[in-house]
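All chains should be built: construct the whole structure from the sequences, respecting the hints.
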Amino acid sequence: MLKVLRSLRSIALSWSGIATLLLAWWLNTRLGLFPPQVLAPPERVAAAFVAGVRSGDLARNLVASLSVLAAGYVIGATLGVAFGVAMARSRTIESYTSGLFHAIRQVPTIAFIPMLVLMFGIEATFKIVVVGKASFYPAALAAYTAVQGLPRRYFDVADVYRLSPLARLRHVILPASLPPVLTGLRLSLSRAWVALVAAELLVADRGIGQMMELGRQTFRLDVVLMGVVLIGAIGFLLDRGFKRVERLLVRGAPA
Amino acid sequence: MISPVLGGPAMAGSHPTFKMPRLSFLKGLVLPLLILVAWDLLARRGGGYGFAFVSLEGLGKALVDTIASGELPRHVATSLLRVAIGLSVGGTAGVLIGAAMALSPIVDKVLGPVYHAIRQVPTLGWIPLLGLWFGYGELPKDLIVIKAAMFPLVLNTYEGLKGVKAAHVDVGKVLTLNPLQLFFKVRLPSALPMILTGLQQALAFAWIACIGVEILFGSGSGIGAMIETGQVEGRMDVVLIGVIFVGLIAFALTRLFTRLAAPGLRWRDLKESR
Numbered sequence: 000m001l002k003v004l005r006s007l008r009s010i011a012l013s014w015s016g017i018a019t020l021l022l023a024w025w026l027n028t029r030l031g032l033f034p035p036q037v038l039a040p041p042e043r044v045a046a047a048f049v050a051g052v053r054s055g056d057l058a059r060n061l062v063a064s065l066s067v068l069a070a071g072y073v074i075g076a077t078l079g080v081a082f083g084v085a086m087a088r089s090r091t092i093e094s095y096t097s098g099l100f101h102a103i104r105q106v107p108t109i110a111f112i113p114m115l116v117l118m119f120g121i122e123a124t125f126k127i128v129v130v131g132k133a134s135f136y137p138a139a140l141a142a143y144t145a146v147q148g149l150p151r152r153y154f155d156v157a158d159v160y161r162l163s164p165l166a167r168l169r170h171v172i173l174p175a176s177l178p179p180v181l182t183g184l185r186l187s188l189s190r191a192w193v194a195l196v197a198a199e200l201l202v203a204d205r206g207i208g209q210m211m212e213l214g215r216q217t218f219r220l221d222v223v224l225m226g227v228v229l230i231g232a233i234g235f236l237l238d239r240g241f242k243r244v245e246r247l248l249v250r251g252a253p254a
Numbered sequence: 000m001i002s003p004v005l006g007g008p009a010m011a012g013s014h015p016t017f018k019m020p021r022l023s024f025l026k027g028l029v030l031p032l033l034i035l036v037a038w039d040l041l042a043r044r045g046g047g048y049g050f051a052f053v054s055l056e057g058l059g060k061a062l063v064d065t066i067a068s069g070e071l072p073r074h075v076a077t078s079l080l081r082v083a084i085g086l087s088v089g090g091t092a093g094v095l096i097g098a099a100m101a102l103s104p105i106v107d108k109v110l111g112p113v114y115h116a117i118r119q120v121p122t123l124g125w126i127p128l129l130g131l132w133f134g135y136g137e138l139p140k141d142l143i144v145i146k147a148a149m150f151p152l153v154l155n156t157y158e159g160l161k162g163v164k165a166a167h168v169d170v171g172k173v174l175t176l177n178p179l180q181l182f183f184k185v186r187l188p189s190a191l192p193m194i195l196t197g198l199q200q201a202l203a204f205a206w207i208a209c210i211g212v213e214i215l216f217g218s219g220s221g222i223g224a225m226i227e228t229g230q231v232e233g234r235m236d237v238v239l240i241g242v243i244f245v246g247l248i249a250f251a252l253t254r255l256f257t258r259l260a261a262p263g264l265r266w267r268d269l270k271e272s273r
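Residue numbers (numbering that gives the first Met the number 0), protein chains in the order written: chain R, 0 to 254; chain A, 0 to 273.
If you're looking for bench data, these hints aren't it; they were derived computationally from the structure. Computed from a predicted structure; not experimentally measured. Warning: the hint list may mix true and false statements.
Per label pair, the in silico range of CB-to-CB distance [as the list claims (entries may be wrong)]:
| # | chain 1 | residue 1 | chain 2 | residue 2 | range |
| --- | --- | --- | --- | --- | --- |
| 1 | A | 158 | R | 10 | 38 to 48 Å |
| 2 | R | 4 | A | 161 | 19 to 29 Å |
| 3 | R | 73 | A | 261 | 52 to 62 Å |
Far from chain A, some chain R residues (derived; all Cβ distances over 10 Å) [to be verified]:
| # | residue |
| --- | --- |
| 4 | 54 |
| 5 | 179 |
| 6 | 181 |
Here a beta-carbon is modelled for each residue, glycine too, at the ideal position from N, C-alpha and C.
What follows is the structure in structure tokens.
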């Protein structure tokens, strides 16, 4: 009995913070302390969501954002892993490229956005480049550190078996460095999402960020709030989904 | 007799270990130089590319102009001040909240879910909302940077204090330290490296958020605002100078922090190993 009470109390406590926020929100709008342009009532945010779903606007923006995310991520993360492995395995490549690599790393992706706008305009190409740049770095760094950290004897064994460079990559390097590389790829994905939202907030023809920016310009606080919840939820789901994939892959890999 | 340090290039030949980094440093310059040359050629070709690519000469001239007019120093000062505000306000709040969450299970239960819910939304995603609420002044920008600095410190302070070894706390209790002494003599010192790591992240995030918020608001002063204005006006030279300075300052800030934080960490290591 005491146990039940205690767990009830714990559940109540862990919801109390969020519940207080929601209640304060609802009460504020109920009492009309703020105009709806400043604090839209919860039901209006929900209504904006329903209207967005009905009209297909929301789906269109979602598809626009997610397809750019997918394209940029696949390109950026693949190049990142390839570059990281190459840099770890070849002294020559490392000595020629690491200077530039680390110099560019100092600049946050967002600072490149205006430059990329000047070079590529504001359509999909520009956004794919932004997402690609954001995905590239965590993937490259993770692959570089992981492959550098592989024990020397793995390569001795590969030498004994006279594995070709390709077989060495496929049967030794990739499986052995998989877990840390996957963690890097997950970081890449969340960085990519943040960068995409930033790019869309600044300039874009479509996408979730652009939807929020339009909402801001037209004082549609309900749309802005819905956008905040959506980008949070999508980021969360992407990370969760990747974690699940990670667990599946790592369990399947040889120890 | 000439010491090896003063020997300079003449000594390099006799010390292969000295030669290696110098050679690889030169190799590291090959790629950037190639890019610069290609860039300059594209700029000189003019036409459709002249807009996006600015010649090195033009870049140098713009750099001198922006420094001489006091424009660049002013923007740099604004951004640095914003980061300082963000770090001091957000950092203090972050450490206090993280400590409260680590020490009190009730605070942890109540604030934890709120913290993690807010954390899901990227910092810059709050910009349209804060723009609507607080307009286009300095306040919403500072708030975003404060938020960016606060969040990593909450997490790291929390983890650091939670990770204090129970044995250490027990020893403190045996020595009849009161809760305050226990916190300042046992818990805080052992959580310090974690908190410093949090501070390092906070510094990086605050800088990124500062540039981001200035770019996205696009008004007022700050390096980000300078970059964004440059983009709107099609001035690639100004944009590039901004980007280069963002990178240089990020590098300098990280360096400075490592210098300043190293004594704190070394002090802890000594204690640990004794």
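**Request:** Just pull the numbers of the violated hints for me, sorted ascending.
**Result:** 1, 3
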